Amino acid sequence: MYKKRDLMAKIIAAVILLGMLGSVFAAILV
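Residue numbering for the sequence shown follows the UniProt record's numbering, beginning at 1 and increasing consecutively.
Simulated from the structure, these hints should not be mistaken for laboratory data.
Treat the hints with care, as some may be off.
FRET-style restraints, in silico, Cβ to Cβ [stated by the list, open to error]:
(1) Val-24 x Lys-3: 40 to 46 Å
(2) Tyr-2 x Val-30: 37 to 43 Å
(3) Val-30 x Lys-3: 38 to 44 Å
(4) Ala-9 x Leu-29: 28 to 34 Å
(5) Val-24 x Lys-4: 38 to 44 Å
Nothing here was measured: the structure is a model prediction, and the numbers come from that model.
All C-beta atoms, glycine included, are put in the ideal place defined by N, C-alpha and C.
Please put together the full structure from these sequences, using the hints given.
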């Protein structure tokens, strides 16, 4: 249970980080 929840938290954090990086790259390119 704990491991599954921790994995979900890591995936969500990774998605948020990728989104932030994506917006930063978009701002630089555009």
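Here is how each hint holds up against the structure:
no.: 1; hint: Val-24 x Lys-3: 40 to 46 Å; verdict: violated, 31 Å
no.: 2; hint: Tyr-2 x Val-30: 37 to 43 Å; verdict: holds, 42 Å
no.: 3; hint: Val-30 x Lys-3: 38 to 44 Å; verdict: holds, 40 Å
no.: 4; hint: Ala-9 x Leu-29: 28 to 34 Å; verdict: holds, 30 Å
no.: 5; hint: Val-24 x Lys-4: 38 to 44 Å; verdict: violated, 31 Å
Hint compliance for this structure: hints 1 and 5 are not met, and every other hint is.
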